[in-house]
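Novice: Chain residues, written in single-letter form:
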Amino acid sequence: MATQTADTAQLVHQARQGDAAAFELLVRRHLRAAYAVALGVTGSDADAEDVVQESFVTALQRLDDCRDPQRFSAWLMRIVRNRSLNYVRDEGRRSALSLDDVTVRSKDSPSLDAERSQLREHLMEEIEHLTRLQRGVLLLHDLEGYRHREVAEALGISEVSSRVHLLAARRALKARLTGRYSA
Amino acid sequence: MSDSDRVDLRALDPRLDSERWERMVRGIMRRSSEELLRRRARTYTPTPIEGLVAMLRPALAAAAVLTVASMAALSRPVAEATHPGSFVESSRLPEPVTIWLEDGSPPTATDLYVSNGDL
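In the order they appear, the protein sequences are chains A and B. Residue 109 is where the first sequence starts when you use the numbering used here, and the numbers rise one by one after that. Residue 8 is where the second sequence starts when you use the numbering used here, and the numbers rise one by one after that.
Simulated from the structure, these hints should not be mistaken for laboratory data. Predicted model, so just to flag it, every value in this text is computed and none were measured. Note that the Cβ used here is the ideal one computed from N, Cα and C, for glycine as well. Heads up, a few of these hints could be off.
Listed next, with one range per pair, are the computed distances between beta-carbon atoms [to be verified]:
#	chain 1	residue 1	chain 2	residue 2	range
1	A	Ala154	B	Ala48	30 to 40 Å
2	A	Arg279	B	Gly34	16 to 26 Å
3	A	Arg257	B	Ser25	28 to 38 Å
4	A	Gln118	B	Arg49	12 to 22 Å
5	A	Ser269	B	Pro55	49 to 59 Å
6	A	Thr286	B	Ala48	56 to 66 Å
7	A	Asp176	B	Gly58	31 to 41 Å
8	A	Gln118	B	Thr52	17 to 27 Å
9	B	Arg47	A	Glu223	25 to 35 Å
10	A	Gln125	B	Pro55	17 to 27 Å
11	B	Ala48	A	Arg137	22 to 32 Å
12	A	Ala154	B	Ala68	31 to 41 Å
In silico contact screen, one side only, chain B against chain A (beta carbon under 10 Å); selected entries [claimed, not checked]:
#	residue
13	Leu44
14	Met78
15	Leu81
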């Protein structure tokens, strides 16, 4: 039986044998990071949600290919990133988020209070103007708390590149938000 | 790296909306159920006792059939167990006729004449 303290490799091993509790724990542990990667690429809340769900199902189907279960997270993030890119490319999805999307999601989320919902909406609108890579690095580092090494591994870039993109993303986002609220 | 430009992104955390978060988890688990089931079936290994029983099952079945057959045979009345005799014997035909039948040879005219007296 999976427990909260079980390490990732053990959970992967149990999930390979069809242990639903172990797999659910893996999902809960990595969902936010996966969502951050998907959101970074798709730029859309709803699309990110779809991609994340597909990615976890795909990851389970290919779990035997995860050679180093200890590094399950990096392996999963590559799947999420690739699926996100395919999603945007193949489905002709927009890589940016429109105000309509945010409004719809907000209606779907009654538990979000109005103030947070508005802040979320503004952030999404401004993040849309960043590049995909900047979004990915920013969300993984500043939202998920990944280190540059982990960001680099998840997004298939170098650590230096991760640092450069984070710096640029932070500056651009701050400038846009400052402009929005000072106007 | 300057943290002064860092923007608070916590509003984007999907976990803040617990309802949506749980819906995502449930969605993933629902879509994964078939694969999890397949994996459970693939990796199922019987316990040593289950394995032993599975191995012995054909032998146990054969032994059970033999036991039933033996008990049925032993429970039959002794009279029935004796040899009932052939059809020719049980038909109570005159002796000459039974001899022809057992030999499988057709009777001669003399045989028929002689046997007429018996019939």
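Novice: Next, verify each hint and record whether it holds.
Specialist: Each hint, compared with the structure:
| no. | hint | in the structure |
| --- | --- | --- |
| 1 | Ala154(A) x Ala48(B): 30 to 40 Å | 35 Å, holds |
| 2 | Arg279(A) x Gly34(B): 16 to 26 Å | 36 Å, violated |
| 3 | Arg257(A) x Ser25(B): 28 to 38 Å | 31 Å, holds |
| 4 | Gln118(A) x Arg49(B): 12 to 22 Å | 19 Å, holds |
| 5 | Ser269(A) x Pro55(B): 49 to 59 Å | 55 Å, holds |
| 6 | Thr286(A) x Ala48(B): 56 to 66 Å | 58 Å, holds |
| 7 | Asp176(A) x Gly58(B): 31 to 41 Å | 33 Å, holds |
| 8 | Gln118(A) x Thr52(B): 17 to 27 Å | 18 Å, holds |
| 9 | Arg47(B) x Glu223(A): 25 to 35 Å | 46 Å, violated |
| 10 | Gln125(A) x Pro55(B): 17 to 27 Å | 19 Å, holds |
| 11 | Ala48(B) x Arg137(A): 22 to 32 Å | 26 Å, holds |
| 12 | Ala154(A) x Ala68(B): 31 to 41 Å | 59 Å, violated |
| 13 | Leu44 | 7 Å, holds |
| 14 | Met78 | 46 Å, violated |
| 15 | Leu81 | 51 Å, violated |
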